[in-house]
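Here the protein sequences line up with chains C and R, keeping their order.
Using numbering that gives the first Met the number 0, the letters of the first sequence correspond one by one to residues 0 to 414.
Using numbering that gives the first Met the number 0, the letters of the second sequence correspond one by one to residues 0 to 60.
Hint data in this document are derived by calculation from the structure and do not stem from the laboratory.
Zero decoy hints are in this set.
Ranges between beta-carbon positions, derived for each pair:
| hint | chain 1 | residue 1 | chain 2 | residue 2 | range |
| --- | --- | --- | --- | --- | --- |
| 1 | R | Glu9 | C | Trp75 | 55 to 61 Å |
| 2 | C | Leu317 | R | Gln41 | 47 to 53 Å |
| 3 | R | Asn24 | C | Arg316 | 23 to 29 Å |
| 4 | C | Arg174 | R | Gln41 | 20 to 26 Å |
| 5 | C | His322 | R | Glu9 | 55 to 61 Å |
A few chain C residues facing chain R, derived, Cβ under 7 Å:
| hint | residue |
| --- | --- |
| 6 | Arg276 |
| 7 | Tyr286 |
| 8 | Leu294 |
A quick note: this is a predicted structure, and the numbers were derived from the prediction, not measured.
Where is the CB? At the ideal position from N, CA and C, for every residue including glycine.
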Amino acid sequence: MMLSGPSTSPDRFGTLILGVSEVSRLICDLLDDTHLHQIWVRGEVTNYKNHASGHRYFSLSERSGRNTAVINCVMWRTSASGLRFTPRDGMDVLAWGSVEVYEPHGRYQLIVREMLPAGAGERHLMVERWKQELDAEGLFAPERKRPLPAFPHRIGVVTSPTGAALKDILSVISRRYPTEVILSPTTVQGEGAHTEIAEAIRRVDGLVDVIIVGRGGGSFEDLFPFNHPDVVRAVAGCATPVISAVGHEVDTALCDFAADLRTPTPSAAAERAVPERREVLRELCGYEERMGALLLHHLCAARSEVEDLRERMHPRRLVRRLHERMQHLADHEELLRRAALARVQRERFALAEARADLVGRNPLAVLDRGYCIVESEGKIARSAGDLGPGDHVVLRMKDGRCRAVVEEITYDRDL
Amino acid sequence: MTETFEEMLEELRKIVRRLEDGDTNLEESIAIYERGALLVKQCEDLLGAAEMKLTELGRDR
Numbered sequence: 000m001m002l003s004g005p006s007t008s009p010d011r012f013g014t015l016i017l018g019v020s021e022v023s024r025l026i027c028d029l030l031d032d033t034h035l036h037q038i039w040v041r042g043e044v045t046n047y048k049n050h051a052s053g054h055r056y057f058s059l060s061e062r063s064g065r066n067t068a069v070i071n072c073v074m075w076r077t078s079a080s081g082l083r084f085t086p087r088d089g090m091d092v093l094a095w096g097s098v099e100v101y102e103p104h105g106r107y108q109l110i111v112r113e114m115l116p117a118g119a120g121e122r123h124l125m126v127e128r129w130k131q132e133l134d135a136e137g138l139f140a141p142e143r144k145r146p147l148p149a150f151p152h153r154i155g156v157v158t159s160p161t162g163a164a165l166k167d168i169l170s171v172i173s174r175r176y177p178t179e180v181i182l183s184p185t186t187v188q189g190e191g192a193h194t195e196i197a198e199a200i201r202r203v204d205g206l207v208d209v210i211i212v213g214r215g216g217g218s219f220e221d222l223f224p225f226n227h228p229d230v231v232r233a234v235a236g237c238a239t240p241v242i243s244a245v246g247h248e249v250d251t252a253l254c255d256f257a258a259d260l261r262t263p264t265p266s267a268a269a270e271r272a273v274p275e276r277r278e279v280l281r282e283l284c285g286y287e288e289r290m291g292a293l294l295l296h297h298l299c300a301a302r303s304e305v306e307d308l309r310e311r312m313h314p315r316r317l318v319r320r321l322h323e324r325m326q327h328l329a330d331h332e333e334l335l336r337r338a339a340l341a342r343v344q345r346e347r348f349a350l351a352e353a354r355a356d357l358v359g360r361n362p363l364a365v366l367d368r369g370y371c372i373v374e375s376e377g378k379i380a381r382s383a384g385d386l387g388p389g390d391h392v393v394l395r396m397k398d399g400r401c402r403a404v405v406e407e408i409t410y411d412r413d414l
Numbered sequence: 000m001t002e003t004f005e006e007m008l009e010e011l012r013k014i015v016r017r018l019e020d021g022d023t024n025l026e027e028s029i030a031i032y033e034r035g036a037l038l039v040k041q042c043e044d045l046l047g048a049a050e051m052k053l054t055e056l057g058r059d060r
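Bound conformation, chain R alone:
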């Protein structure tokens, strides 16, 4: 994953704004929705992975 969490969150915000924009056509809406759903999952995964990292650090200490 080359993008940072911040970049992904920013892209996600843009996607929501574009979905809110009535000018976006249906095909595009579906495409960016899929992208958005993927971003949400990736962001959640990142946050979840961070939790595991801490557990390990705590044990080492």
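Isolated chain C, as found in the complex:
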């Protein structure tokens, strides 16, 4: 253990002697307790000093009977810049922070990170508690969020009839997309405002296409009713989509979380509630032009198709087709003629051949070589047996006929 200062070992009498830093370390360790960290402390501000450096030094004290308890506090300038009020001696406050030891001065102090006047502080804590409860009920669930209608007919506005919020909303709607606005008037701050707001929301629900719930900027106190569970539940329970616009830019209220859409200002809410009419008109105009161009295109296509068909049906084309066919026919005719000629030629050759053949086989040709043919009673006698003695026969010779009578029949051999 590396420590400066006196020895940390027992002295010669056996007494344990601690160094200052060791004691300081022990104190630090003791104070390093969850009970002393990130705690809310309520007390009265005393000895409040706003140092030139921006850091705030003060004490929180509490008197009970004759006893007074005091805790030294410091609020660094980074934390102090978030203060929403100016603390003064005697103020009842709620401070949030951790107890730490400042070793060089040997003192403990509450390092304050956040501080609120006691009343507001309590409300602040209440809002945190409500937030957890309502969140646990599922009222802030993202899947509950519904889309807004693109072209609302009627817009419900839940706000003060005299506030700037209403003026802003009406101005935006009349400029962007004039449509019917139904105001559901309510007070938006003070005691009981939350009940009125919740009722105003329920009254207009179902009569309109979208509801804007909101008010202009104000203090935490002013916006407080919009944190109330009555208002949050009324928003969550709406059948109509709800746009929340509470306060200005950085302000948030619990009803923002329950709404279908959260917007930073009433004007922004109005802008989200309605489309820009000029854009819609431009879109319509675009459609009209586009439809015209497309129809024209269809018509042109149809016309050119008709033209094309007409051209194809033209007599000139038909005559040409006819001529083509006639030429075709003539070609075939010629082919046919040639084929027929060739055939006749072939037949002629065949005939000549046959004739030659026939001539070669002429039975009368033998007569030229000295043979004769014997006919009896108009028939050719082929055998001696065909004839008998005394038969009248005709002998056909090469150059004429002789009539003769058979004298005798002799056979070359016995039959």
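Given chain C, work out where chain R should sit, using these hints.
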């Protein structure tokens, strides 16, 4: 007029898509074009009428 502005605008968008589609025949194209032109007019009338409504509201207030 029973249709809402939103429905009319949606139908109009469909008509433009169908006109863009080459499969739509000519007669159909002409018919839906006529329908589309009517829708454009009705939409414009609606937006125009809304303007007059606001003027009246402004005077009452």
